Amino acid sequence: MYGLENISAHNGWAITFVGVTIVFTGLTLLCLSIGQLHKILGLWENKDTSITNQDRKTLTSNAANAFPKPVMPVKDLETIAQYKLIVERLQQPFSLPKLLDIAVKIGLDRPHSTINTLLVKKIIVPDGKGYFIWTL
Amino acid sequence: MAQLFLEFLSNTGFALADYRHLIMILTGIIFIYLGIAKHYEPLLLVPIGFGILVGNIPVFKGLGLGIYEDSSVLHYLYMGVTSGVYPPLIFLGIGALTDFSTMLARPMLMLLGAAAQMGIFATFLGALALGFAPNEAASIGIIGGADGPTAIFLTAKLAPHLIGPIAVAAYSYMALVPVIQPPIMKLLTTRKERLIRMEEPREVSKKEKIIFPIIGFLLCCFVAPAALPLLGMLFFGNLLKECVVAERLAQAARTSVLDTVTILLGLTVGASTQADVFLTPQSVGVFILGAVSFGIATASGVIFAKIMNLFLKTKINPLLGAAGVSAVPDSARVVQIVGQAEDPNNFLLMHAMAPNISGVIGSAIVAGVLWSFIG
Numbered sequence: 015m016y017g018l019e020n021i022s023a024h025n026g027w028a029i030t031f032v033g034v035t036i037v038f039t040g041l042t043l044l045c046l047s048i049g050q051l052h053k054i055l056g057l058w059e060n061k062d063t064s065i066t067n068q069d070r071k072t073l074t075s076n077a078a079n080a081f082p083k084p085v086m087p088v089k090d091l092e093t094i095a096q097y098k099l100i101v102e103r104l105q106q107p108f109s110l111p112k113l114l115d116i117a118v119k120i121g122l123d124r125p126h127s128t129i130n131t132l133l134v135k136k137i138i139v140p141d142g143k144g145y146f147i148w149t150l
Numbered sequence: 056m057a058q059l060f061l062e063f064l065s066n067t068g069f070a071l072a073d074y075r076h077l078i079m080i081l082t083g084i085i086f087i088y089l090g091i092a093k094h095y096e097p098l099l100l101v102p103i104g105f106g107i108l109v110g111n112i113p114v115f116k117g118l119g120l121g122i123y124e125d126s127s128v129l130h131y132l133y134m135g136v137t138s139g140v141y142p143p144l145i146f147l148g149i150g151a152l153t154d155f156s157t158m159l160a161r162p163m164l165m166l167l168g169a170a171a172q173m174g175i176f177a178t179f180l181g182a183l184a185l186g187f188a189p190n191e192a193a194s195i196g197i198i199g200g201a202d203g204p205t206a207i208f209l210t211a212k213l214a215p216h217l218i219g220p221i222a223v224a225a226y227s228y229m230a231l232v233p234v235i236q237p238p239i240m241k242l243l244t245t246r247k248e249r250l251i252r253m254e255e256p257r258e259v260s261k262k263e264k265i266i267f268p269i270i271g272f273l274l275c276c277f278v279a280p281a282a283l284p285l286l287g288m289l290f291f292g293n294l295l296k297e298c299v300v301a302e303r304l305a306q307a308a309r310t311s312v313l314d315t316v317t318i319l320l321g322l323t324v325g326a327s328t329q330a331d332v333f334l335t336p337q338s339v340g341v342f343i344l345g346a347v348s349f350g351i352a353t354a355s356g357v358i359f360a361k362i363m364n365l366f367l368k369t370k371i372n373p374l375l376g377a378a379g380v381s382a383v384p385d386s387a388r389v390v391q392i393v394g395q396a397e398d399p400n401n402f403l404l405m406h407a408m409a410p411n412i413s414g415v416i417g418s419a420i421v422a423g424v425l426w427s428f429i430g
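Chains as they are written, first to last, in my numbering: chain A, 15 to 150; chain B, 56 to 430.
Don't read these hints as lab results, they were simulated from the structure.
Computed from a predicted structure; not experimentally measured.
No residue lacks a Cβ here, since even glycine has one placed at the ideal position from N, Cα and C.
Treat each hint with caution, since some may be false.
In the BS3-like style, the derived pairs of lysine-lysine whose C-alpha atoms are separated by at most 27 Å in a straight line are [said to hold, decoys possible]:
| # | chain 1 | residue 1 | chain 2 | residue 2 |
| --- | --- | --- | --- | --- |
| 1 | A | K53 | B | K261 |
| 2 | A | K53 | B | K368 |
| 3 | B | K264 | A | K53 |
| 4 | B | K370 | A | K53 |
| 5 | B | K262 | A | K53 |
| 6 | A | K135 | A | K119 |
Interface residues of chain A toward chain B, partial, derived using beta-carbon atoms under 7 Å [stated by the list, open to error]:
| # | residue |
| --- | --- |
| 7 | Y16 |
| 8 | I21 |
| 9 | H24 |
| 10 | G33 |
| 11 | V34 |
| 12 | I36 |
| 13 | V37 |
| 14 | G40 |
| 15 | L41 |
| 16 | L43 |
| 17 | L44 |
| 18 | S47 |
| 19 | L51 |
For reference, chain A alone in the conformation it holds in the complex (with noise of 0.2 Å):
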């Protein structure tokens, strides 16, 4: 036999069709899957130096809610209100020594002596984990 009907008489068609599926398949997957790979690496190597925006929050809810918020002064508000803005530029929790730097930088009065005013009336807390809090 010879031609389409030595072809048709030993499945060459469908031969060829399933083979032809089957390797696409297999190189389809795996294209797939290590296209996958350097974002499931990348994940897996953050995890722990990563925190999320939910553990954001409810490290900030927490440590806020676990202290009574100070009643201050209103001279002091004001102060309070500039600190509080460079805190929320840093997002928290945040580094105790950044923001020395940043109320250094921007040229606030005395910036040792009022954060230290702040860690006394708890308005600035630790999280535990060397960072620190804003709880008012």
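Here the structure of chain A is known, so what remains is to put chain B in place on it, guided by the hints.
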């Protein structure tokens, strides 16, 4: 005494030779010349060429000298080919040599390797149409995969009587890739397409390179279990290389193991091309279909790349499709050369390695599929 002398003379090669031996000896010499003088795949053509000389020394049958005689040394060495042992060992070495990072950086280019395997199936249909049996047609078709070990592996399983012509055809066309591919690539692409520059690939981490052979092996062998001997060794060799802790084993795989098996495979495949077995009308058909297979594989890869460009925002250079023909790294080099002929500053080689390597995986999957359907 004269009688003894005459008897001796009648057993020499001079008395036993006929024109077919001379043709094959000349073929062996040409292979050796191409390998040494022209540097066409010397690691393959020199052992095969010398093997052709070994296999075509006219000998008296029954003395246990010929490769097809049970008790001969060559026959025992040839068992590595007929039993399918040598090709997986070669794949072990290839895996230990290969850097998959270009493929990992741009996985989409793997599909070009898949497309290039269409040449195998087109030739399979063509061989069936010419009257070959399905097992023979599959073995002839796999030549289009441009992968010598894969072609030998499948032929040993499906049509061992065709190992000689198929192996010689496969390795010959692999050596002739720089001659066969460029005209097809230029015919199917416009100058504007050949000038397309590829984006820089991203950095691939060590962890990805270590995890990939495990995932690749599991995925490919779950899809096509019959590809296990070849792909298992390929990915194992690559894991040895990438994990670093087994560098001694990787070193052995890509040097002593690979070189030893290449010598034995080349020599015995060459020796299997005895004139009375090789010079048949079937062999002529194998050679013609093998060339067709290569051509269709190249064309399929290029055309598929052009089809992909219809859907992609960032176009890929369609020349990369030709690198899906898994003659590593020659077809990638051909892509580089053809691309640079249009734009000397267009460096396509590393991008072409991605489809080139995926073509190796693709051809192994095809071999597994054909073996499972027809074997």
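Which numbered hints fail
Of the numbered hints, all hold.
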